[in-house]
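Residue numbers (the numbering used here), protein chains in the order written: chain S, 55 to 397; chain A, 55 to 397; chain H, 55 to 397; chain E, 55 to 397.
Warning: the hint list may mix true and false statements.
[Said to hold, decoys possible] Label pairs and their in silico Cβ distance ranges: (1) S:Asp278 to E:Glu217: 43 to 49 Å; (2) E:Glu321 to H:Asp309: 38 to 44 Å; (3) A:Gly354 to S:Trp166: 57 to 63 Å; (4) H:Asp309 to A:Asn178: 43 to 49 Å; (5) S:Glu321 to E:Asn178: 35 to 41 Å.
Rather than coming from a laboratory, the hints here were simulated on the basis of the structure. Since the structure is predicted, the reported quantities are computational estimates derived from the model, not experimental observations. Yeah, the Cβ is synthetic: ideal placement off N, Cα and C, and Gly gets one too.
4 protein chains.
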Amino acid sequence: MIKVGIVGGTGYTGVELLRLLAQHPDAQVEVITSRSEAGVAVADMYPNLRGHYDLEFTVPDTDALAACDVVFFATPHGVAHSLAGDILARGCRVIDLSADFRIRDPELWAEWYGQPHGAPALLNDAVYGLPETQREQIKSARLIAVPGCYPTAVQLAALPLLEAGLIRPEIVADCKSGVSGAGRGAKVGSLLCETSESVMAYGASGHRHLPEISQELNRGAGKDVALTFVPHLMPMIRGIHATIYADLLEGQNVDLQTLYENCYKDEPFVDVMPAGSHPATRSVRGVNMCRISLHRPQNGNKVVVLSVIDNLVKGASGQAIQNMNIMFGLEENAGLNQVGLMP
Amino acid sequence: MIKVGIVGGTGYTGVELLRLLAQHPDAQVEVITSRSEAGVAVADMYPNLRGHYDLEFTVPDTDALAACDVVFFATPHGVAHSLAGDILARGCRVIDLSADFRIRDPELWAEWYGQPHGAPALLNDAVYGLPETQREQIKSARLIAVPGCYPTAVQLAALPLLEAGLIRPEIVADCKSGVSGAGRGAKVGSLLCETSESVMAYGASGHRHLPEISQELNRGAGKDVALTFVPHLMPMIRGIHATIYADLLEGQNVDLQTLYENCYKDEPFVDVMPAGSHPATRSVRGVNMCRISLHRPQNGNKVVVLSVIDNLVKGASGQAIQNMNIMFGLEENAGLNQVGLMP
Amino acid sequence: MIKVGIVGGTGYTGVELLRLLAQHPDAQVEVITSRSEAGVAVADMYPNLRGHYDLEFTVPDTDALAACDVVFFATPHGVAHSLAGDILARGCRVIDLSADFRIRDPELWAEWYGQPHGAPALLNDAVYGLPETQREQIKSARLIAVPGCYPTAVQLAALPLLEAGLIRPEIVADCKSGVSGAGRGAKVGSLLCETSESVMAYGASGHRHLPEISQELNRGAGKDVALTFVPHLMPMIRGIHATIYADLLEGQNVDLQTLYENCYKDEPFVDVMPAGSHPATRSVRGVNMCRISLHRPQNGNKVVVLSVIDNLVKGASGQAIQNMNIMFGLEENAGLNQVGLMP
Amino acid sequence: MIKVGIVGGTGYTGVELLRLLAQHPDAQVEVITSRSEAGVAVADMYPNLRGHYDLEFTVPDTDALAACDVVFFATPHGVAHSLAGDILARGCRVIDLSADFRIRDPELWAEWYGQPHGAPALLNDAVYGLPETQREQIKSARLIAVPGCYPTAVQLAALPLLEAGLIRPEIVADCKSGVSGAGRGAKVGSLLCETSESVMAYGASGHRHLPEISQELNRGAGKDVALTFVPHLMPMIRGIHATIYADLLEGQNVDLQTLYENCYKDEPFVDVMPAGSHPATRSVRGVNMCRISLHRPQNGNKVVVLSVIDNLVKGASGQAIQNMNIMFGLEENAGLNQVGLMP
């Protein structure tokens, strides 16, 4: 049984880790920390966990955390910078759901996050935890940077085209997210009365997931890819829908459907839908899955890739557990085999 | 492995049976019927099932169904009347999610459903499938009438008071339901544009769940209980919230919290919340659970019982599987141990 | 042109006053205050107001406010206690949308609001601003306490029965509200992810609107009325649905439909629906209207009254303007004749 | 007073015409037809209209319609083809909200709508009713083809760039619509349980609004514009958000903000937001307004234009009334000066 610690368990990715790990056959949560809620039973804060957990939130304690086999950070950026080093030094592995180790260049990180990078020395150990591209590195990793939600949806949609060299190195990623992507913080902009019955773009001139997506698209393409990324806020709780627009190079007339099906045929958590399909975010609600469809409108040279994930699962906590499974040599889908909640 | 057949698998209770049975360790769906969708793969109709089922819908065929160990009817009323007899006669058990066998008096059934009862001879074999009150009868039953969604929420909230003889035999049940209770039929009244951002009562002068609730409250109380039942439509997909109002008899000063905790202490799917709580329907989203809280406003003699279920799970498909587990001697929570999806 | 000041214009009742007054033929907003947003254009904060207002929020200033003909307080409780006296003393009228002057007994107010009453000397001047019961007093009032949203929906539904002496002096009011009733404050409990796709009761053991409703029902009945009031939070922005349960006295067999139609036949903002109807909150979205339906389930002695309002309009800002119209001798529906937004 | 007839008043654009015309100072609805609802009071079908209309639906009758000054068609495609000719021949003007006269080439229309064009002889008289581009022609028009909802949002966003010749003739229009765009028909795909808490694209390989948008973008640009148009269904009732992506030509370094502000400075119903803004669909809920923002991410050569409308108002019924106002020489904003409902 893998002993699991969670730092910062009161947010949405924290409670989602708890939900998923409650059903995991080979892992057990031993410690969950929260400064503000120390002493509170997790099931009192999250009644859906009643009957599944007896745990209480505790003040973060490095000894208790390091006694686990793996510690998940479900914290705002900056926290893992402070704590991950000590925990790693004591032989415990770390899976960080925050942005702290996603960007390989600490200067770039500092520029987008508005503060100096707190642990540049750990960057060499950090593996970017997208199993579909980094599975081998993940197996032996000690520190995982779990990809962001938008980056997961965009990469899984766009990388097959870029890796195959079929398109101009230019991507438009029009992305739509449910409100849970903004977290559980008490912000006016996340109120039901501000977000329900409305759609709006945000960060059109620059969003923190942009450098992360660019870094990974560039890596996949082997060259610089011009990226336009516009996120939009949707009036719903969960789900990300990425709509990718790219231009086929002249003379390319590959069967895109076959390309994607081959690319993902061995992936347990990427599902290429039949030609002509339109994936709905609800088809992945609550599950660790990315569904993708391909379109070429009017058979022109514009490719449209549609990709959906649950931002809290394949876009965060589920993907984190998928990484854990790979790191510990478990079945990759252990504890991740639920069916999406529909309707 | 229990072989399962499902009649009428295209509605919401049908796809919910499929979702839950995909995770059941001891049961496997062998046959699923739908006249209108015969030949269609269930995973094409319900993409959340992709990767979980290879089944196709088939035209109902008594031979194929009777070769199963148990057949679930997830059909409009009247269908089980027609087909259940043949299936039962061939030794297969039947769990009917429709209203066909819930009401013991065929004349009363005919009055509320506007057509003659189609199988009165089977009524003696039918067991009302609320495990919390009929567990022993369910163990040996061949034909189960799964309770309606409103009746489940109301009975679990009100029966402890009635059975203990603590209240005047009069109940007000103000109930709120998500739109999935109206099914997957293409009705104007169920459109998002007609139901979203709005609340309304319906059936205030009489709803088909009224005689079912009355029958069972009367049985529990051992006498007639005056029932006022007003259902309301909520702008959401899943969930029922029942708010029960009753009057304590003069001189009764029992500790209601203790009464309920004792009443349900061995029940795996009824959770009495701590005193002062208010259960939210989202705490039971997707799971087979009823959460209950007790209040006595201003310490008067009015008792307010709050009860929540997911209408598609504890109010339908989950409860049906709970019945199957009991009938076949399995662990009662086999396949029903998920954690509610929150947020 | 009536010169209007608004204190505390950044909340939902504030912006709703601005929306409605923009269309008012005889009133014009001259001053709108907000300490936190001083210097910000109202149309920058609320883009729906672009093109309708050039105003900026200003720091509250008694001189500027008292130069208006009437000042609306759209503030948390306690603020009007502090400021209303000075403004009234300078001859300006005050319409307070907060709870400060609704309760006639300052001790009772202090008990429910957890602080001493800040202006007991003004209570004698305060008129409870429900036009359907206090129209004459409103005409000459200098200080109006606009009723709460729940109290408005409950009183309009219940008072005809109580005034006619037809029922036992006991009311159950099961009320459902959209999330805007909780205001625009940044609270976790009002986030979309916490309130969407869920229903829950709150304050079942005691809510601040209880003493207000009791005070007014008692006044209407001419005696004490036992009140059970349970509010529920609905997953929507606007709307209140009150479901009232009462018991007809033995031997009373009045035609309730006629009673209500007569009671409200001259009221511009109460609409008694045809017998058998169920009013939906969306039918009053954005408008100053209360729609009511009557039911007697199974022709028994239980009366069920259904009543809907938009909590921000007839439950707050619209009713405030209705009071203004009456106070200044305008047509009562001036500026309040919109059609509900449906769908 | 302009006498108005409405053909097909039971759908969402029909009830929206009624809502807006109830507040119009110079127009009055005299006739409203519906075969299926003939004899029903419009206020019985749409309770929000109670107190505003005494009209009943009637069977379509050319004499009664032609006695009006103008007839609106709020019908499925094909109906105006059949009836508009007779009505026009008798001197009445026609404003068609359907797609019947939007496309100038009847062969192209037939191809996309799957049936022959029913009134090609009228096409020469038809004026495309986008006031921002066709105001002069509308003034003298007898037959107006009101633009579709998506085409309105896309054209107002993209035309200034195309008309100024600043971009490559290639547009990506990623559009998001509320469910009311699908109408009031009883379709499974429009149920709350199918559309709530989910986002999906549809018609990615070809949608009927594509040829209409292309026709008008080509007209504006004076040459062919490659258009990629992908609509998405949003979990909300009203609103369209168009996100337009285009590439500035090399060497173009125009101030886009100024370009748009100048382009629309005299338009009453197009609002260019301040630089850096992101318009929300809720800011135009219920009103005849298009709000637009401009972005150049990372100051590159990609232009992103954000545009929002209420699909039932500026995308349909409001725009139809705006056309009527122009045709009859009224103030263009007569009856269209409401404030958006927010929250």
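Do the hints match the structure? See the list:
For the pair S:Asp278 and E:Glu217, the beta carbons lie near 33 Å from each other, so the given range of 43 to 49 Å is not met. The supplied range of 38 to 44 Å is broken by E:Glu321 and H:Asp309, whose beta-carbon atoms lie about 56 Å from each other. The hint said 57 to 63 Å for the Cβ distance between A:Gly354 and S:Trp166, and at roughly 58 Å that hint holds. Roughly 45 Å separates the CB atoms of H:Asp309 and A:Asn178, a value that falls within the hinted 43 to 49 Å.
With their beta carbons about 57 Å apart, S:Glu321 and E:Asn178 fall outside the hinted range of 35 to 41 Å.
Hint check: violations occur at hints 1, 2, 5; the rest are consistent with the structure.
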